[in-house]
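Engineer: Chain residues, written in single-letter form:
Number of protein chains: 2
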Amino acid sequence: MEKKIKQKGLVFVVSAPSGAGKTTLCRAISRIFPALHFSISYTTRPPRPGDVNGRDYHFIDPEKFQEMNDRGEFAEWAEIYGYRYGTSRIILEKVLEEGQDVILDIDGQGARQLREKKLPGIFIFLLPPSVEELEQRLSRRKTEGKAAMEERLKKAKVEMAEARWYDYLIVNDELEKAKEQLKGIILAENCRRERMNNVLEDILTGK
Amino acid sequence: MEKKIKQKGLVFVVSAPSGAGKTTLCRAISRIFPALHFSISYTTRPPRPGDVNGRDYHFIDPEKFQEMNDRGEFAEWAEIYGYRYGTSRIILEKVLEEGQDVILDIDGQGARQLREKKLPGIFIFLLPPSVEELEQRLSRRKTEGKAAMEERLKKAKVEMAEARWYDYLIVNDELEKAKEQLKGIILAENCRRERMNNVLEDILTGK
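Sequences listed follow chains A and B, in order. Position 176, counted from 1, in the first sequence is what the numbering used here calls 176; the numbers after and before it change by one each time, with no gaps. Position 8, counted from 1, in the second sequence is what the numbering used here calls 8; the numbers after and before it change by one each time, with no gaps.
Check before you lean on any hint, since a few could be wrong.
In silico EDC-like cross-links for lysine to aspartate or glutamate, where the CA-CA straight-line distance does not exceed 16 Å [to be verified]:
#1 B/Lys183 - A/Glu176
#2 A/Lys207 - B/Glu133
#3 A/Lys157 - B/Asp202
To be clear, the hints were calculated from the coordinates, so they are not data collected in a lab.
Can you make the complete structure from the sequences, with help from the hints?
Structural biologist: Quick look at the structure:
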């Protein structure tokens, strides 16, 4: 008897400069699609107040990170402000094999690695409506000094230029609109003919 | 002073075998996107009870259709059950130039002509969940005899095989789900990077 090959899940890579509202957007999307798997990065960054290990990140020490990296266990990794962040290749592959779609909330460096490795992912970049607006949002945070804020803004501008090679761009001027757009991208990618071939053949052959 | 080139609209071509629920779906979508332009076909088919000229179709006689066709005024046209149906190329181009997105609700023959002419459209095929379900839906209509119904079902199966070259497939098992998917495709296509280039450059250069 022919065994049907289970269709692999899709990877949605979401990047954004800090202050673009990525965390809020991703949380809203996880409520819309409870079956969507949110990949949790490994990081050497110490937990901040409110961070939960295994929910926000897998917090590990630099030695452990290095070991995992040496064993090729990261699909991508990046160093940001002196801390390392990486996505477990093993977990990612397992979830995709099970047919689940995955969201990878990672920075531009990591996304570029995945693109260069020809990961068949869907790359989505979230933009602030303007640089001024981003500046205002960052300054409202007040969790860091002026110098750190300016450093962050400068980095954000560099990151935003990366948006030029992404598949989809979402401008986050209104959370509700951005949410509908991200939801739309996820639904649309799942309706692509290449993805629907099995379903179509079943309908045509009356299975 | 540099004049900004207005971005052209997108064309969404929606095809389906009869009984797949296309009319209901398209009406629902027009309520979601009031700015979306619904292209109205010209036809030589006589109006049925309830048909409104200029809303459902532009009803014209065969001579007029032939004249328009001879002048190359149709972007696509097809003959179905002895009647002709065509899309005005002039109206289509005008609406797209104005930056409006357009939905073309046309049959597989017409869609194939547009694809062959390399129209940069987005081709969406709406499918019934199964051939049996389609048969039931068609038989519930009771507006036609058994022979006509069987002819229609046979034609539907041929048309459904065309779905293999479309960009997106939507299975209409639940109207609400199908509506979300079509809405998602429209939103997603408008977020594609190629389409967002102007917006991105404006954000990056602070315009």
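Engineer: Now look at each hint and say whether the structure bears it out.
Structural biologist: Now the hints, each set against the structure:
1. B/Lys183 - A/Glu176: holds (15 Å)
2. A/Lys207 - B/Glu133: holds (13 Å)
3. A/Lys157 - B/Asp202: holds (13 Å)
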